[in-house]
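What follows is each chain in one-letter form.
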Amino acid sequence: MIPEYAESLARQLSFDPALSRSVRQEVEDHLWEAAGDGSPELQRRAIAAFGDPQLIARQLAAAAVSGRARRTGVALVLALAGVFLAMNARLGWYELTQWGVCEQTRTLGDAVALVDRLAFWCAALGAAAAAWAYRRHLVAFFVLCAVTTGAILTSVACDAALTALRLAGWEWSTYFAIPLATMAAEIACAAVLVAELRATPLAYLRENT
Amino acid sequence: MLGMEGEMLKGHLDMIVLAALASGPAHGYAVIEEIRRRSGDAFNLPEGTVYPALHRLEEAGLLSSRWTTAESGRKRRVYALTKRGTGALAEQRAVWKQFSAAIAGLLAGRTPA
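From first to last, the protein sequence lines are chains A and B.
Read in this note's numbering, the first sequence has 71 at position 71, and its numbers run on one by one without any break.
Read in this note's numbering, the second sequence has 19 at position 19, and its numbers run on one by one without any break.
Bear in mind the hints are in silico, worked out from the structure with no lab data behind them.
Any given hint could be a false lead.
[Stated by the list, open to error] Residues of chain B placed beyond 10 Å of chain A at every Cβ, according to the derived structure: (1) A88; (2) F99; (3) L107; (4) A108.
[Stated by the list, open to error] Stretch by stretch, here's where chain A covers chain B in the computed footprint (C-beta under 8 Å, at least three residues): (5) 19-25; (6) 38-48; (7) 52-65.
The beta-carbon is built from N, C-alpha and C at its ideal position, and this holds for glycine as well.
Build out the structure end to end from the sequences listed, making use of the hints.
Now the structure itself:
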């Protein structure tokens, strides 16, 4: 009786396998302790005292989704700040070393840089809108986070293209360390953000909107 | 003693759970037992509703949890107040004292000192 009850509760949290597993263990532990010797009658009473599994699952899901939203929001802000800092560190390095752009690729570079700037501004606006939606509308919040992530990915892709254009034609040297390291940092920021966003409990959001 | 209304308790559940953990780390079942013992069985909530509160408080950084193995061999999640949780409880205690003094005064028809 108890395993079935715990399973029915855990099933409703299947959008988050780790949460589902831990809730199942926690609820089973509670119910076996409440059921004493484990007789069917005591198991039945323990389950009755525990309450409606659907209601409890909904409340647990709400707590988990709110935590997920907070983590996604923090990841978004950190990724945006990380990309901004890495980008500026690289541009600072180019200035310091007077590392110019090859004339043949200047037009292409200017076009990519324009897209980069637009994408970054879109990301900044998206992050501001997501911050506004955070406590008001969870679905809107996650949608805005997804849009912002798309803009950040575009900006990082443009930065990668610009870095490749800037490094092209030069012999490998220690001067490459800063552009490559800052580019790696940008990619890492974007990857962390994508991983965080991929864990969005879409099923829960669909059911509760 | 009469069981308190569920709706009335829900608004204070987080504070109740924090207070139950003030005496030391405990697992969910022990938290519920502590609430029962300290309230003289006045709080009549479905036991399961304490778990969302525990999870919510952990998400908010007011509780921390770790898994241990009980004597029975079952895995058990034990919760403890964090520093922030202790602070939040002290704050809520002060607010509650003010609130209950105001209500007591109101019901008794006197002006609070």
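Status of the hints after comparison with the structure:
no.	hint	result
1	A88	holds, 16 Å
2	F99	holds, 24 Å
3	L107	holds, 32 Å
4	A108	holds, 36 Å
5	19-25	violated (count 0)
6	38-48	holds (count 3)
7	52-65	holds (count 4)
The structure does not agree with numbered hint 5 stated previously, though it agrees with all others.
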